[in-house]
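> Spelled out from the first residue to the last, the chains are:
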Amino acid sequence: MKKISLIAAGAALIALTASGAQAQQTLDAVKKRGQVICGVSQSLPGFANPDAQGNWAGFDVDMCKAVAAAIFGDVKRVKFVPTTAKERFTALQSGEVDFLARNTTWTMSRDVQLGFDFVGVNFYDGQGFMVPKKLGVKTAKELKGATVCTQTGTTTEQNLADFFRANKMEYKVVAFEKNDEVLAAYDSGRCDVFTTDRSGLAADRTKLKSPNDHLILPDVISKEPLGPLVRHGDNNWGDVIRWSFFVMVNAEELGVTSANVDQMKSSANPEIKRMLGGEGDFGKMLGLDNAWAYNIIKMVGNYAESYEKNVGPKTPLGLERGVNALWSAGGLQYAPPIR
Amino acid sequence: MTTAVETGNKADLPPPASTVGVVGWMRENLFSSWRSTVLTLLAVYLLYVAIPPLLQWTVFDAIWTGNEAKDCKLPDGSAKDGACWIFIKAWIGGFMYGLYPYDLRWRVDVAAVLVLLMFAPLAVKRLPFKNIYGVAVILLYPVVAYFMFRGFIDFPLSDPQSTTHPWRVVETSKWGGLALTLLIASVGIIASLPLGILLALGRRSHMPIVSTFSVLFIELWRGVPLITVLFMSSVMLPLFLPEGVNFDKLLRALIGVTLFSSAYMAEVVRGGLQAIPKGQYEAAMALGLNFVRMMALIVMPQALRYVIPSIVNTFIGLFKDTTLVAIIGMFDLLGAIQLGNADPKWLGFGMEGYVFAAALYFVFCFSMSRYSQHLERKLHTGHKKR
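Those protein sequences? They're chains B and Y, same order as listed.
One rule links them: number in our numbering = place in the first sequence (from 1) + 62.
One rule links them: number in our numbering = place in the second sequence (from 1) + 14.
Incorrect hints may appear among the rest.
Claimed, not checked - Where chain Y lies over chain B, by a calculated footprint (3+ residues, C-beta under 8 Å):
id, region
1, 114-125
2, 141-149
3, 152-166
Unchecked claim - Subject to a maximum C-alpha distance of 25 Å in a straight line, what follows is the list of computed SDA-like cross-link-like pairs (lysine to any residue):
id, chain 1, residue 1, chain 2, residue 2
4, B, K196, Y, A93
5, B, K141, Y, T72
6, B, K269, Y, V238
7, B, K141, B, G96
8, B, K240, Y, Y160
9, B, K271, Y, A373
10, Y, K84, B, N274
11, Y, K188, B, A91
12, B, K148, B, T216
13, B, K371, Y, Y116
14, B, K94, Y, P115
15, B, K360, Y, Q175
16, B, K94, Y, W181
17, Y, K94, B, T268
18, Y, K94, B, K148
19, Y, K87, B, T377
20, Y, K87, B, Q115
21, B, K138, Y, V238
22, Y, K359, Y, R119
23, B, K138, Y, P180
24, B, K195, B, T377
25, Y, K87, B, P375
26, Y, K103, Y, G285
27, B, K271, Y, W99
28, B, K206, B, L277
29, B, K269, Y, R119
30, B, K271, B, G251
31, B, K285, B, K196
32, B, K371, B, A353
33, B, K148, Y, Y116
34, B, K269, Y, A93
35, Y, K84, B, A246
Derived by calculation from the structure, the hints in this document are not laboratory data.
Predicted model only: the values in this text are computed from it and were never measured.
Just so it is clear, CB atoms sit at the ideal spot from N, CA and C, and this is done for glycine as well.
This is chain B alone, in the form it adopts within the complex (with noise of 0.2 Å):
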């Protein structure tokens, strides 16, 4: 998920002189062709995943979906283009892909030293621990000299090193490259606690021969934003992406779901008019139509209804809204005023 690569990030100080020639006209490019193209995760269940049809579904791919309705009005015009952890940034930076919708965490490395600019955070993740309920462990505080399974080659396993350094506890690894072999592991009791982002966690719970028998410990020891992110100097194209996923935060804070939009649009609220295109030229603003924000809460729908269809209690994955409610519900999710 986040496996560091040097490769990439040398690859793409090479490319990042090229990409200047492009900057500014990738919003045009994407009119012109037609279709937008949008760098997703390879398969992350809840995230971005195809069914046996095909089709792809999940939480990042919605964010995809919203900025197709908004340039075109139309969610079928993405091509989703699976990308490797260690492909991604070069994907993005050679131009293969628009953006990148791909549960990529914000660092300043990638912000700064790849060249990306992150439009904002669609997920407030953080690294988390599950143990078998016969430990009798209730905090993380409480797994000295515990054996931990975990991926290798990701900032998950440093983030682990500093928990324990920081709270001056032993610990031992048992590390492997594929997150299906740690779950495996962890199952056949190979080791005494699971780490893998909060995101995963859930999801990997369900796959183990006797969930109930594990519990997921409250604590989050790091912090892993993931958003969006574009090449930097193209900032409208950058607007865009980041004002697609602004909206669908605003349609949630003001009530306006794919279900009622159609009746908000007569709403005498002035900030549902303005969203809705019923008051100023907000749309033309960034290049596009007026009906941007209409058809991206028509089509998708807003950021609540995108994250109970795919990430939420309600699904496998069981996620609950925790940091990612609304800063009014008591999280993080904030949106800028569209006026």
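Mind docking chain Y on chain B? Use the hints.
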């Protein structure tokens, strides 16, 4: 009057009971000495430990009926003991075609039926013009298959037919599943043999440039792992191309796989060439054959016959290596199975998917192996020692 003396021979006594039938066979083959007795018992024990649980999981406890993941789980959410084959049933389309558009999958089926129809006549022994027909089919079929997979009509995206028309273009990035595995493997196999032959001849050539080039090519491609070749082709190559020039990913992978296996093939063929006695060359030259005819009529038919096992070995290796395209974001059979494992509706049935993949790979590799043995028998001209 009866004779007291027997004339003629009595019938032979039957051999001792312990040397015939099942018991005898077992005594001879399984319990002939204390060493083999120990090994036999050990093997029986290992089979006893491994086979019954395997059968229990794959057959007796397995869940065959149902439509949803729920049918494979106990009410408290833990998995049932047996294999959940409904997962395979639900995802079989994904495994076969990957992300290929659902409404167009019949095109892949047609291509599959066509391959059988077009190649079936070659099995007829005395088909007139068989060689010409064979070459024609090998050249023609890829074109047909390409258009079946890709389609004919490239609608602009604003045209609604671009998502509905039965002959619309399907980009190569959407090809996948078993269809993609077979495609990459067969292109690699068909293209690498002639390339390999040329390289092998080049390496043995007396012309310095040709032989140096061949040696360099072979050593370079054999010297790097296929995974590196694919990774370079998908991660580094786009950076050196001008902006907006996107060289098709599948094409890049196909070229990588073909060049890679042709280097191996070259060395296999060279092995065969070295087994041909010098007299054969001299005889051919004495008959006044030029180089091409000498190779085509005298040397190659013998050389290739010697190395059929190695050629098929390389092909089987290539077939299995195609799974590496998963690392460049393409979903071959194995990649499609991993997609299935990430479907939120079907979390936790990874084992079933991998068992299914293993079974399919075995079927294809084993068929190739049997076919090569059939070829060896058919072309057998007295070299073989049995």
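> If a hint holds in the structure, say so; if it does not, say that too.
Comparing the hints with the structure gives:
| no. | hint | verdict |
| --- | --- | --- |
| 1 | 114-125 | holds (count 4) |
| 2 | 141-149 | holds (count 7) |
| 3 | 152-166 | holds (count 6) |
| 4 | B:K196 - Y:A93 | holds (19 Å) |
| 5 | B:K141 - Y:T72 | violated (39 Å) |
| 6 | B:K269 - Y:V238 | violated (37 Å) |
| 7 | B:K141 - B:G96 | holds (10 Å) |
| 8 | B:K240 - Y:Y160 | violated (35 Å) |
| 9 | B:K271 - Y:A373 | holds (24 Å) |
| 10 | Y:K84 - B:N274 | holds (15 Å) |
| 11 | Y:K188 - B:A91 | holds (22 Å) |
| 12 | B:K148 - B:T216 | holds (11 Å) |
| 13 | B:K371 - Y:Y116 | holds (23 Å) |
| 14 | B:K94 - Y:P115 | holds (24 Å) |
| 15 | B:K360 - Y:Q175 | holds (23 Å) |
| 16 | B:K94 - Y:W181 | holds (23 Å) |
| 17 | Y:K94 - B:T268 | holds (13 Å) |
| 18 | Y:K94 - B:K148 | violated (36 Å) |
| 19 | Y:K87 - B:T377 | holds (16 Å) |
| 20 | Y:K87 - B:Q115 | holds (24 Å) |
| 21 | B:K138 - Y:V238 | violated (41 Å) |
| 22 | Y:K359 - Y:R119 | holds (23 Å) |
| 23 | B:K138 - Y:P180 | holds (17 Å) |
| 24 | B:K195 - B:T377 | holds (23 Å) |
| 25 | Y:K87 - B:P375 | holds (19 Å) |
| 26 | Y:K103 - Y:G285 | violated (46 Å) |
| 27 | B:K271 - Y:W99 | holds (17 Å) |
| 28 | B:K206 - B:L277 | holds (17 Å) |
| 29 | B:K269 - Y:R119 | violated (31 Å) |
| 30 | B:K271 - B:G251 | holds (12 Å) |
| 31 | B:K285 - B:K196 | violated (29 Å) |
| 32 | B:K371 - B:A353 | holds (24 Å) |
| 33 | B:K148 - Y:Y116 | violated (29 Å) |
| 34 | B:K269 - Y:A93 | holds (8 Å) |
| 35 | Y:K84 - B:A246 | holds (21 Å) |
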